[in-house]
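Novice: Whenever a hint applies, use it, and build me the whole structure from the sequences.
Listed in order, the protein sequences are those of chains A and B.
For the first sequence, our numbering assigns the number 202 to the initial residue and increments by one for each residue that follows.
For the second sequence, our numbering assigns the number 202 to the initial residue and increments by one for each residue that follows.
A hint or two may mislead.
No distinction is drawn between identical chains; accordingly, a pair holds when it is met within one copy or between any pair of copies.
What the hints assert, rightly or not - Straight line, CA to CA, 20 Å or less: simulated EDC-like cross-link-like pairs of lysine to aspartate or glutamate:
#1 K270 - E219
#2 K217 - E272
#3 K407 - E388
#4 K217 - E264
#5 K247 - E219
If you are wondering where the hints come from, they were derived from the structure by calculation, not from laboratory data.
Okay, here's what each chain looks like letter by letter:
There are 2 protein chains.
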Amino acid sequence: MTETAVTESTAAAGSKSEQAYAAVKAWIVDGTFTPGYRLVLAVIAKDLGFSVVPVREAIRRLEAEGLVKFERNVGATVAGIDPTEYLYTMQTLSIVEGAATALSAPLIGGADIARARAVNEEMRECLQHFDPVRFTQLNQDFHSVLFEHCPNPHILDLVHRGWNRLASLRSSTFRFVPGRAHDSVDEHEALLRLIETGASADNIEKAARRHRSATLDAYLAQAQPLP
Amino acid sequence: MTETAVTESTAAAGSKSEQAYAAVKAWIVDGTFTPGYRLVLAVIAKDLGFSVVPVREAIRRLEAEGLVKFERNVGATVAGIDPTEYLYTMQTLSIVEGAATALSAPLIGGADIARARAVNEEMRECLQHFDPVRFTQLNQDFHSVLFEHCPNPHILDLVHRGWNRLASLRSSTFRFVPGRAHDSVDEHEALLRLIETGASADNIEKAARRHRSATLDAYLAQAQPLP
DNA sequence: AAGTACGAAATCGTATACGATGACTATTGC
DNA sequence: GCAATAGTCATCGTATACGATTTCGTACTT
Numbered sequence: 202m203t204e205t206a207v208t209e210s211t212a213a214a215g216s217k218s219e220q221a222y223a224a225v226k227a228w229i230v231d232g233t234f235t236p237g238y239r240l241v242l243a244v245i246a247k248d249l250g251f252s253v254v255p256v257r258e259a260i261r262r263l264e265a266e267g268l269v270k271f272e273r274n275v276g277a278t279v280a281g282i283d284p285t286e287y288l289y290t291m292q293t294l295s296i297v298e299g300a301a302t303a304l305s306a307p308l309i310g311g312a313d314i315a316r317a318r319a320v321n322e323e324m325r326e327c328l329q330h331f332d333p334v335r336f337t338q339l340n341q342d343f344h345s346v347l348f349e350h351c352p353n354p355h356i357l358d359l360v361h362r363g364w365n366r367l368a369s370l371r372s373s374t375f376r377f378v379p380g381r382a383h384d385s386v387d388e389h390e391a392l393l394r395l396i397e398t399g400a401s402a403d404n405i406e407k408a409a410r411r412h413r414s415a416t417l418d419a420y421l422a423q424a425q426p427l428p
Numbered sequence: 202m203t204e205t206a207v208t209e210s211t212a213a214a215g216s217k218s219e220q221a222y223a224a225v226k227a228w229i230v231d232g233t234f235t236p237g238y239r240l241v242l243a244v245i246a247k248d249l250g251f252s253v254v255p256v257r258e259a260i261r262r263l264e265a266e267g268l269v270k271f272e273r274n275v276g277a278t279v280a281g282i283d284p285t286e287y288l289y290t291m292q293t294l295s296i297v298e299g300a301a302t303a304l305s306a307p308l309i310g311g312a313d314i315a316r317a318r319a320v321n322e323e324m325r326e327c328l329q330h331f332d333p334v335r336f337t338q339l340n341q342d343f344h345s346v347l348f349e350h351c352p353n354p355h356i357l358d359l360v361h362r363g364w365n366r367l368a369s370l371r372s373s374t375f376r377f378v379p380g381r382a383h384d385s386v387d388e389h390e391a392l393l394r395l396i397e398t399g400a401s402a403d404n405i406e407k408a409a410r411r412h413r414s415a416t417l418d419a420y421l422a423q424a425q426p427l428p
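Specialist: Here is the structure:
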């Protein structure tokens with residue numbers, strides 16, 4: 202799994218507007234365009250070899266997803282995340298990830314567990330030789346394994362949307378709260394145990410929620426300003 | 202509160218593309234355009250007095266919200282809800298409404314409770330002289346009262362999105378499962394009691410979830426095909 | 001020197017035009 | 001009579017063009 206935007210259900214890369222959407226989204230999510238970057242329609246259109254109309258459509262779609270801030274007659278910029286927005290997003294993610302995990306749990310087999318555990322162990326290694334970027338990527342991989350059997354695509358979409366929204370805070374776990382990453386790995390293992398042992402959906406959901414909430418709480422506890 | 206689309210956070214009715222978005226959305230939500238209705242860009246553009254470009258942008262946004270089905274080089278139609286889609290939407294709503302209720306509960310005051318209770322009593326009257334349309338509207342009003350203090354606008358948006366998505370199934374409660382509406386009113390009262398008495402967030406969330414799930418379950422139990 | 005007014009440049013917003021694609025229909029061959 | 005095919009029509013997709021709005025720099029005034 203490469204470091205690209207999480208694929209949504211809406212595939213169909215045929216039209217130029219869709220290509221532009223995918224391209225700009227990828228640039229935002231992978232960090233090529235950082236928050237505050239000005240997205241001038243004409244420039245992007247020229248870069249992509251398209252005209253402005255499909256590019257504009259793409260940007261507006263990204264605005265609806267919260268990845269872009271659009272001001273009438275002024276222009277578009279890559280959206281940042283202020284503390285309030287961060288709180289909203291994390292809270293929402295906590296809820297939808299909890300639900301996604303609980304719904305997926307009964308469908309997760311032994312092979313999936315093994316795969317997730319392998320990813321998690323690699324995350325533990327990343328803690329040794331301090332590799333935040335890879336850690337973050339593996340973290341997403343871990344949860345992707347859990348969610349890939351999620352029977353409700355709407356909920357899965359909401360999870361992906363949240364992840365993309367947080368993409369501008371790459372390796373935030375490390376940057377904001379030093380000890381948090383270690384706890385995170387342990388929580389992953391605990392979550393796998395719950396799923397393995399066939400714990401109740403309610404317990405699994407609560408554990409998954411807490412896993413996300415804990416990161417938010419750790420941030421709120423030290424009230425460190427976000428970049 | 203009139204029977205219009207639930208207002209989203211994205212106001213700004215300035216540009217024609219936004220006007221077109223609001224107009225078509227309203228037509229879909231209030232039932233002027235029923236599922237399957239063909240949305241020909243040129244026709245809508247002419248009706249609104251705009252050109253096709255802003256209309257196209259509006260339609261694409263509605264597609265992203267699931268209200269419109271768009272086929273490349275073919276055209277757009279108002280999206281229907283098949284049983285699978287219904288299940289996904291109701292399941293997701295159950296989760297986000299549960300969360301929204303739990304988050305809102307501590308902020309709901311006595312005046313809000315009284316207002317909600319009045320609405321609920323009026324719903325009960327609607328059951329007497331069989332007024333499904335008004336019943337559905339009041340049902341939305343009831344939940345709007347509960348949610349108006351929701352501290353997380355993202356979650357509130359998801360709730361509104363779900364409601365709009367279900368708009369094509371006007372008065373579905375009556376149509377699908379006769380007894381369901383009575384239960385619904387009772388569940389509302391029970392929910393108000395829980396909030397009044399300061400029940401735990403977990404209990405309130407569970408009750409709110411069940412309230413939505415029950416409608417889904419009732420439908421699934423009789424497996425009546427959706428229109 | 002600071003503030004204001006004016007004008008130019010940048011950028012967006014949308015109308016129009018035309019090419020591309022798929023759907024529909026009539027015709028032809030069997 | 002039916003099926004395949006060609007041609008026409010409807011509709012979308014996007015390029016281009018131009019008007020509208022905002023921003024920024026500059027000159028002027030007090």
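Novice: Report the numbers of all earlier hints that the structure fails to satisfy, in ascending order.
Specialist: Hints that this structure does not satisfy do not exist here, as all of them hold.
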